[in-house]
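Per my numbering, the sequence shown runs over residues 24 to 360.
I should point out that these hints are in silico values taken from the structure, not numbers from a laboratory. One thing to keep in mind: the hints can contain errors.
Unchecked claim - The list that follows gives simulated cross-link-like pairs (lysine-lysine, DSS-like), each with its CA atoms no further than 30 angstroms apart:
| no. | residue 1 | residue 2 |
| --- | --- | --- |
| 1 | Lys77 | Lys214 |
| 2 | Lys79 | Lys224 |
| 3 | Lys105 | Lys162 |
| 4 | Lys224 | Lys162 |
| 5 | Lys312 | Lys275 |
| 6 | Lys275 | Lys353 |
| 7 | Lys81 | Lys162 |
| 8 | Lys312 | Lys278 |
| 9 | Lys224 | Lys142 |
| 10 | Lys47 | Lys81 |
| 11 | Lys47 | Lys224 |
| 12 | Lys142 | Lys47 |
| 13 | Lys354 | Lys312 |
| 14 | Lys77 | Lys47 |
| 15 | Lys344 | Lys278 |
| 16 | Lys150 | Lys312 |
Remember, predicted model here, so these are calculated numbers, not experimental data.
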Amino acid sequence: MGVDRTGIIGESPSLRQVFGVLAKVSPTDSTVLVTGESGTGKELLVRALHANSKRKGKPFVPINCGAIPRDLIESELFGHEKGAFTHAIRSRAGRFEMADGGTIFLDEIGELDLTLQVKILRVIQEKEFERVGGTVTTKVDVRIVAATNRDLEQEVAQGRFREDLFYRLNVIPIHLPPLRERDDDIILLGKHFLNVFCEQKQRDLLRLSPKAQDFLIAYPWPGNVRELENFMERISILCENSEVAPEDLPDKILKFVGHEVPKRQPKLALEGFAWPTLVDLRGQSGGLKEFMDEIEDRLLQEALEECGGVKNQAAELLGIKRTTLIEKLKKRNAANG
Numbered sequence: 024m025g026v027d028r029t030g031i032i033g034e035s036p037s038l039r040q041v042f043g044v045l046a047k048v049s050p051t052d053s054t055v056l057v058t059g060e061s062g063t064g065k066e067l068l069v070r071a072l073h074a075n076s077k078r079k080g081k082p083f084v085p086i087n088c089g090a091i092p093r094d095l096i097e098s099e100l101f102g103h104e105k106g107a108f109t110h111a112i113r114s115r116a117g118r119f120e121m122a123d124g125g126t127i128f129l130d131e132i133g134e135l136d137l138t139l140q141v142k143i144l145r146v147i148q149e150k151e152f153e154r155v156g157g158t159v160t161t162k163v164d165v166r167i168v169a170a171t172n173r174d175l176e177q178e179v180a181q182g183r184f185r186e187d188l189f190y191r192l193n194v195i196p197i198h199l200p201p202l203r204e205r206d207d208d209i210i211l212l213g214k215h216f217l218n219v220f221c222e223q224k225q226r227d228l229l230r231l232s233p234k235a236q237d238f239l240i241a242y243p244w245p246g247n248v249r250e251l252e253n254f255m256e257r258i259s260i261l262c263e264n265s266e267v268a269p270e271d272l273p274d275k276i277l278k279f280v281g282h283e284v285p286k287r288q289p290k291l292a293l294e295g296f297a298w299p300t301l302v303d304l305r306g307q308s309g310g311l312k313e314f315m316d317e318i319e320d321r322l323l324q325e326a327l328e329e330c331g332g333v334k335n336q337a338a339e340l341l342g343i344k345r346t347t348l349i350e351k352l353k354k355r356n357a358a359n360g
């Protein structure tokens, strides 16, 4: 049974099992609890769940329960009435109202305190709630999907998560396996991200050498898909050849697989480089500071030209932070202005 994967890439057996469950549960209105480590793509999976449901033409409303301050999360979820608290200058709908008819995604639900867990339980059971500071009961028709990287059964055992809410959420559990358990997908994802970033940076597509692929598979990927994506972006900027060799991989990977990390010699040590001399300095109109400023200006300009004016890439080439590059450019422009 085919499903709209909405950007989820992978063909490993463990991910195929996930797609099988997704195909069966998507057409229903059952509550789903998605578990998995950070960076595994839980939100992508929930978006795919919505895209394959009968509610796909209705709102999909995500909220990260761990990213909103505790004193604001209730208002974000349920809305508030004018005057409900100091800064409530007007009435405002919450995420549950916004999601009416569609799907609400409660990401990192394990971060909610017990008081709010009671209110979430009521919405699941009664399909109703009140805004903060309000007395009118609002009815909603929403499908609730939650996700967490915590072990909620352990949280229940330690009294940090309500047992009744856990069982209400855990009607259909879907576990996203970590990347280290998806060997078949590591290279598939790596090539995809590498192609995307090369196209974005308007450079020829890079190939992964067989040895580099072996190293990528051997690495355990503690940051999962998100970490792989970040590494591929870095390689797309720094790799100077058409093929990614082991030496182009981050030192973190090379050290893990026991590959000796090559010593990267600074540009000044390359054959053919000539150090400036006093003769060069005497040939300039200013002193040492002016001479060094001129060298720096030329390197800044060359890096910007090579990167098409993209400051992030120019800073990478120069081995400095983007903020440092911007400060240097500001000083140069001020001096020239």
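Hint by hint, which ones does the structure fall short of? 1, 2, 4, 5, 6, 8, 9, 11 and 16
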